[in-house]
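S.K.: The residues making up each chain are set out below.
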Amino acid sequence: MNRRQRYEAQQKRRSILIAAASTAVVLAAIIILVPMAPGWSQVKASFFDGEVFLKVLPKMLDAFLLNIAIFLWSAPLIAMLGLAVALARATQSPALFPLRVFGALYVDIFRGIPVILVIFLIGFGIPGLGLSRPWNSPYIWGTVALVLTYSPYVAEILRSGIESVHASQRSAALSLGLSERDAMRYVVLPQAIRRVVPANMNIFIALQKDVALLSFIGPVEILRQAGIYKSLLANFTPYVVAACIFLALTIPATRYADHLMAKQRRARGGG
Amino acid sequence: MNTASSDAPKLRLNGVTKAFGETPVLRGITMQVPSGELVCLIGPSGSGKSTLLRCMNQLEPIDDGAVYLDGLDIAEPGLDLGPIRRRIGMVFQSFNLFPHMSALDNVLLAPRRVLGRGRHEMMDAVEALFSRFGLADQMHKYPDQLSGGQQQRVAIVRALAMKPEVMLFDEITSALDPELVDSVLDTLRALRSDGMTMILATHEMAFAREAADRICFMDGGVVVEEGPPEVIFTAPTQERTREFLARVIR
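Sequence lines, in order, name chains A and B.
Residue numbering for the first sequence is 112 to 382, as defined by this note's numbering.
Residue numbering for the second sequence is 12 to 261, as defined by this note's numbering.
Just so you know, these hints were derived from the structure itself, not from any lab.
Be careful, since some hints might not be right.
Claimed, not checked - Examples of chain B residues lying across from chain A (beta carbon under 8 Å, computed):
no.	residue
1	125
2	151
3	247
Unchecked claim - Here are some, though not all, of the chain A residues that point toward chain B, as calculated from beta-carbon distances under 8 Å:
no.	residue
4	122
5	126
6	128
7	275
8	285
9	288
10	289
11	290
12	297
13	300
14	302
15	305
16	309
A quick note: this is a predicted structure, and the numbers were derived from the prediction, not measured.
Idealized CB from N, CA, C, for every residue including glycine.
Looking at chain A on its own, in the form it has when it is part of the complex (with noise of 0.2 Å):
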């Protein structure tokens, strides 16, 4: 060990130990004082039954399918629709103008809103026209509802992408006889891509529990099976059932996005 790694071990132990310390006080606190509290019993009684936990989980888990469903077709429609309002932002023909105001007021409509609110006035206002089954399906106008809401965040990611790519790229290509559209296609679009992939991972997170907001307007998926549960054990532990099934899913899923930021930040600052 030279000098330095010598130091830098001294300086890591130190840190190691402040926030070892730090934690520990703070875990003694809630262990301490929380059970101190007046309604503690009660609270224990009616969100941590290990009986009530056990027993509700596998149905838990099987409706928490039907949100990986509900997540799983709807993610490629954003995908595609915030490309394509991507795409129409970011235009410089001046003929296509109106598809530049049209993106944008899109864009400024959908991110404005609360989901919640969206999915209310689509799920309940469209099936309300007196569409007949199947086309009267929550589960269509709640995708639609999802779709219409995330869009516009992919599609604000994708366009800081595709801005971030140097002007120059687009020269080069178009000096080598490309047209803009295949310019966009083999040379701006994948580079732009490639950057905004974390940040759109933490856009799809969102997404996944987002989808429980669509237990709103019907479909049994976890959360609608926690209601159900509580209303029928009079206990509010399955809900925090559905709390653990959701981090079991977007705690991994954080970690990953935040391991392609530092690993893209890395590759920029190196190169």
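Place chain B on chain A using the hints.
M.R.: Chain B in isolation, oriented as in the chain A frame:
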């Protein structure tokens, strides 16, 4: 078209003007580039050399005047520029290789997408180009695995793969470490002996003097003086040319 007599210029500019907003960059450029000649544009930074090159393949639309390629005015608004640009190769100061593609794919992209050539039918010709410019071992590497000199030579190969009739070089050695400059200048010498028509914006005065057929000295958006290198470098007639050369040649 290929029987154009030797006195018909390959590329001809007539009164080209260009402004960025309120700032005029080119104030009426008229010049001729005969087939097979190497013309060097020299002049201080901001004199309009790069913009002039970018007007020659219409990467920058011009405000007024005309740019003729084999007698066809390519500055005509609304003209489909794809077929024009594939006849004019361009190499940039910052290489502008596509970083997400291997050197080989950089070179194959335009022949495949623009000319509709297959990967396999292009392979022999492309491999020959890579070998010719000392890049045989670099074909499958990505741009960030190549040195600046290698990247710039790949960029030259990429332009040549389209079999252009004219090549534009925009200060292609300015971003290179000094020891890599010669490898790129050697490729220019090789192209010159092929008889390629070339226009080169450069700060490499020694190279311009040795290799150019004609030198254009630009300053403030106009061609101040032009002529054969032996005249421009030894007996310039304009005061501004003398001042510039005194500053850059020591």
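S.K.: Work down the list of hints and note, for each, if the structure agrees.
M.R.: Consistency of the hints with the structure:
1. At its closest, the beta carbon of residue 125 (chain B) sits 4 Å from a beta carbon of chain A; the interface hint therefore holds under the 8 Å criterion.
2. Against a cut-off of 8 Å between C-beta atoms, the interface hint on residue 151 (chain B) is violated, since the closest Cβ of chain A lies about 18 Å away.
3. At about 32 Å, the closest approach between the beta carbon of residue 247 (chain B) and any beta carbon in chain A exceeds 8 Å, and the interface hint on this residue is violated.
4. Residue-level restraint check for residue 122 (chain A) is violated (minimum Cβ-Cβ distance to chain B is 33 Å; threshold 8 Å).
5. The closest approach between the C-beta of residue 126 (chain A) and any C-beta of chain B is roughly 34 Å, which is over the 8 Å cut-off, so the hint fails.
6. Of the supplied interface hints, the one on residue 128 (chain A) is violated, with its beta-carbon coming no nearer than about 41 Å to a beta-carbon of chain B, more than 8 Å.
7. The interface hint given for residue 275 (chain A) is broken, as the beta carbon of that residue sits about 13 Å from the closest beta carbon of chain B, more than 8 Å.
8. A distance limit of 8 Å between C-beta atoms decides the matter here; for residue 285 (chain A) the minimum to chain B is near 6 Å, and the interface restraint holds.
9. At its closest, the beta carbon of residue 288 (chain A) sits 3 Å from a beta carbon of chain B; the interface hint therefore holds under the 8 Å criterion.
10. The beta carbon of residue 289 (chain A) comes within 6 Å of a beta carbon in chain B, closer than 8 Å, and the hint placing it at the interface holds.
11. Because the beta carbon of residue 290 (chain A) sits about 6 Å from the nearest beta carbon in chain B, less than 8 Å, this interface hint is met.
12. With 8 Å as the threshold, the beta carbon of residue 297 (chain A) comes within range of chain B, its nearest partner Cβ sitting at about 6 Å, so the hint holds.
13. For residue 300 (chain A), the interface hint is violated, since its Cβ never comes within 8 Å of a Cβ in chain B; the closest pair sits about 10 Å apart.
14. Interface restraint check for residue 302 (chain A): the shortest CB-CB distance to chain B comes to about 5 Å, inside 8 Å, so the restraint holds.
15. The interface hint given for residue 305 (chain A) is met, as the beta carbon of that residue sits about 7 Å from the closest beta carbon of chain B, less than 8 Å.
16. For residue 309 (chain A), the interface hint is violated, since its Cβ never comes within 8 Å of a Cβ in chain B; the closest pair sits about 16 Å apart.
Hint compliance for this structure: hints 2, 3, 4, 5, 6, 7, 13, 16 are not met, and every other hint is.
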